[in-house]
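J.: By the numbering used here, the letter at position 336 of the sequence shown is numbered 336, and the numbering carries on one by one without gaps.
Please note: incorrect hints may appear among the correct ones.
Capping the alpha-carbon separation at 27 Å, the derived lysine-lysine pairs in DSSO-like fashion look like this [what the hints assert, rightly or not]:
#1 LYS55 / LYS295
#2 LYS320 / LYS183
#3 LYS37 / LYS183
#4 LYS210 / LYS55
#5 LYS295 / LYS37
#6 LYS55 / LYS37
#7 LYS37 / LYS320
#8 LYS281 / LYS295
#9 LYS183 / LYS281
#10 LYS206 / LYS124
#11 LYS206 / LYS183
So the derived label-pair ranges between C-beta atoms look like this [said to hold, decoys possible]:
#12 ARG241 / THR318: 35 to 41 Å
#13 PRO38 / ARG227: 40 to 46 Å
#14 ASP225 / GLU116: 24 to 30 Å
#15 GLN290 / ALA390: 38 to 44 Å
#16 GLY148 / HIS230: 49 to 55 Å
#17 GLN52 / ARG150: 48 to 54 Å
These are computed hints drawn from the structure, not numbers from a lab. All C-beta atoms in this analysis are idealised placements derived from N, C-alpha and C, irrespective of residue type, glycine included.
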Amino acid sequence: MSFTPLASDFYGFETTLTEQERDFLARLRTWLDTDIKPIVNDHWNRAEFPRQLIKGIADIGAAGLAWEETRPFENSAAFRGWVAVELARVDASVATYLGVHNGLAMGAIAACGSAEQRAEWLPKMAAGNVVGAFGLTEPLSGSDSAQGLRTTARRDGGTWVINGEKRWIGNATFSDVTIIWAKDVDDNQVKGFIVPTSTPGYSATKIENKQSLRIVQNADIVLEDVRIPHSLKLENANSFRDTARVLRATRADVAWGAVGTSIGAYEAAVAYAGERVQFGKTIGSHQLVQDLLAKSLGNITASLALCMRVSDMQDDGTQKDEHSALAKAFATSRMRETVAWCREIFGGNGIVTEYDVIRFFMDAEALYSYEGTREMNTLIVGRAITGTAAFV
C-alpha cells in the first residue's frame, strides 16, 4: 500500500522510517479513516467507547509492536511514535486506549514481568483477547505516587491480599486485567500485580460527566481484600523505580500523542480555511488566519523534532527520565496553544463537534495533565539541570 506523508510533517521526518514501517502506517491510516473517523464524534458526544476498536487494533497489529513476543517485524521507537500520531490525529481517545492497553499495561508486564509472565500475557493482549488497564493514580495520590500510595499489598503464604482505591483508570470499565501498584506492608516498597478484574473484591465504576477524552472509559476502582496468587505478582516490580521504568517510555508516547492531537486540529483548520468564504474570499486568504496556521505548524514541527530525538535515544539506550519529561512537557504545552489557535479559525462553528476541532480542543486538556503534569515534568528536568530536587 502506497504511503503519502502527512502535509503537517513539514520537514519530512516520516521519510526516515523504513519502507515496512511506512507501509504499516498506510494500512493503519486507511483503517482509521474508513472505520473510525466517521463514528468518533457520535461516540464522543455520547461518551461511549467503540468496542469494535479492540478487534481492529488487534487485527492490524498495532498492539504489541515493541515486544519481542508480539511484534510483527523489527521496528523503531520513532515508528511506534508515528503510530500514536496516526491514532491521535483521528481521535485522542483512540490513541489513549492503545496507550493504556499497550504502553502501560503491556509495558508493565514487558518491563517488569518474568519471562513466563511475558509469554503468558503479552500475546493474548496483543491479539485483543485480554484488555489491560493500569492502576497507579489514587483519589488522594497523583503527582506524589512515589511516596503517597495508600493501596497496600500483604503477602499471605502463596497469595497476596490487596486493599485500596484507584482513580482515573482508563479502560477500567471493560478491562480483563488491571496492573495494580501497591505498597508492600512488610518493606513499604511499591510492587506491581496483574489483577484479573473478575477477582472477588475488585470493582470498577465509570467516572461520569467528563468533558475531555469522553470516549475513554475512566473508572474508580475499589479493592477490598482482593486475593491473587503470587504468580501474578510482577517478578521484577519491587520498588517505584521499576514503575518509573514503565512511565519513562509512556511519557514519550504521550508526547507523540500530543503531536497527533495538534495535527488533527491543524488538518481540520486547514481544510476549513480553504472552504469558508467571508468578505468574498476564503478565510485562508486572510493574513491573520495564515498567521495562526503558520504558528500551529511551527509548534507541530518543533514537537516532532523533540519526539524523534527522544525515540532515537530510546532505541540506543540513552533515554533518561528527564528526556521523556521534557518531551512530554513541551509537546503538550505547544499542543494546548495549537488546538486553541485552530479552534479560533472556526469562529462560532468551532464549538460544535461536527467540525471536529472542538473535540481536539477539549481532549488536549487531559493529555496536558496525565502521565505527569507539566509542573512535575519540569521539576524532573530541573533536577537534571541543577542536581537538586525541588519537588517539595
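J.: Taking the CB of ASP225 and the CB of GLU116, does the distance hold inside 24 to 30 Å?
T.: holds, 26 Å
J.: Are LYS206 and LYS124 close enough, with their CA atoms no more than 27 Å apart?
T.: holds, 25 Å
J.: Measure nothing beyond the straight line between the CA atoms of LYS55 and LYS295; if it is 27 Å or shorter, mark the hint as holding.
T.: violated, 38 Å
J.: For the pair we were handed, LYS37 and LYS320, check the Cα-Cα distance against 27 Å.
T.: violated, 35 Å
J.: Holds or violated: the 48 to 54 Å window for the beta-carbon distance between GLN52 and ARG150?
T.: Because 37 Å falls outside the window, the suggested range is violated.
J.: Could you tell me whether the CB distance from GLN290 to ALA390 stays inside 38 to 44 Å?
T.: Given a distance of about 41 Å, which is inside 38 to 44 Å, the answer is holds.
J.: Given the proposed pairing of LYS320 with LYS183, does the C-alpha separation stay at or below 27 Å?
T.: holds, 25 Å
J.: Do the alpha carbons of LYS281 and LYS295 lie within 27 Å of each other, as the hint requires?
T.: Cα-Cα ~22 Å, so holds.
J.: With a cut-off of 27 Å on the C-alpha distance, tell me whether LYS37 and LYS183 pass.
T.: violated, 41 Å
J.: Does LYS183 pair with LYS281 here, judged by a C-alpha cut-off of 27 Å?
T.: violated, 63 Å
J.: Taking 27 Å as the top limit, are the C-alpha atoms of LYS55 and LYS37 close enough?
T.: holds, 16 Å
J.: Would you mind confirming whether the straight-line C-alpha gap from LYS206 to LYS183 stays at or under 27 Å?
T.: The hint holds at about 25 Å.
Going through the hint list in order, the structure does not satisfy hints 1, 3, 7, 9, 12, 16, 17.
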